[in-house]
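Participant: Sequence:
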Amino acid sequence: MNRMHPYLELAALVLALVFLGAFHFSQVTLEQQQEIELEAGLEQLYLMEKVHFEQHGRYFDPTDPQEGLEWQWMESYDWDFRTSGERFWLVVRADLNGDGQFGVWGVDDRGPQVQRLMQD
Numbered sequence: 207m208n209r210m211h212p213y214l215e216l217a218a219l220v221l222a223l224v225f226l227g228a229f230h231f232s233q234v235t236l237e238q239q240q241e242i243e244l245e246a247g248l249e250q251l252y253l254m255e256k257v258h259f260e261q262h263g264r265y266f267d268p269t270d271p272q273e274g275l276e277w278q279w280m281e282s283y284d285w286d287f288r289t290s291g292e293r294f295w296l297v298v299r300a301d302l303n304g305d306g307q308f309g310v311w312g313v314d315d316r317g318p319q320v321q322r323l324m325q326d
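Here the sequence shown is numbered in my numbering, starting from 207 and rising by one per residue.
Hint data in this document are derived by calculation from the structure and do not stem from the laboratory. Where a beta carbon is used, it is the ideal one built from N, C-alpha and C, also for glycine. Hints are not guaranteed to be accurate.
As the list claims (entries may be wrong) - Now the in silico label distances, taken between C-beta atoms and shown as ranges:
#1 Gln239 with Ala218: 19 to 27 Å
#2 Leu221 with Gly306: 40 to 48 Å
#3 Met324 with Phe231: 44 to 52 Å
#4 Gln261 with Gln239: 27 to 35 Å
#5 Ala218 with Glu276: 17 to 25 Å
#6 Asp286 with Leu223: 42 to 50 Å
With the hints as constraints, model all of the structure from the sequences given.
Facilitator: Written out as structure tokens, the structure is:
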């Protein structure tokens with residue numbers, strides 16, 4: 207049993223370090239959380255635009271109070287929506303970390319992948 211004692215201590219130490227490392231590196235900052243939510247919202251808007259285009263032959267302006275969406279999270283950001291025939295481009299500006307400099311994200315008709323156009 208004495209020969210296994212150091213191995214058990216080593217295994218316990220490794221297990222504790224793995225647990226602490228996983229805890230430390232799995233934490234998401236508020237800025238990262240807001241960016242994830244923003245990108246998920248842009249992906250949802252992309253899908254809604256595509257469905258609307260298939261049903262009505264045109265894209266809708268999500269920023270227009272008459273036909274757009276009343277999503278509360280959208281009010282926190284500066285939006286720009288442009289359309290031309292079968293194309294659309296949706297860009298959002300936001301200062302997620304509160305440093306006064308705005309980051310810019312966009313999505314267009316080519317796919318749901320959000321592009322970061324300017325670092326926040």
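Participant: Would you mind marking each hint as holding or not holding in the structure?
Facilitator: Hint check results:
Evaluation of the 19 to 27 Å hint for Gln239 and Ala218 yields a failure: the beta carbon distance comes to about 33 Å. Range check, Leu221 to Gly306: about 44 Å between beta-carbon atoms, so the 40 to 48 Å window is met. One distance hint, 44 to 52 Å for the beta-carbon pair Met324 and Phe231, is violated here, with the actual separation near 27 Å. Gln261 and Gln239 have their C-beta atoms about 33 Å apart, which keeps the hinted 27 to 35 Å range intact.
Hint check: Ala218 to Glu276, Cβ distance near 54 Å, so the stated range 17 to 25 Å is violated. At roughly 47 Å, the beta-carbon separation of Asp286 and Leu223 lies within the given 42 to 50 Å, and the hint holds.
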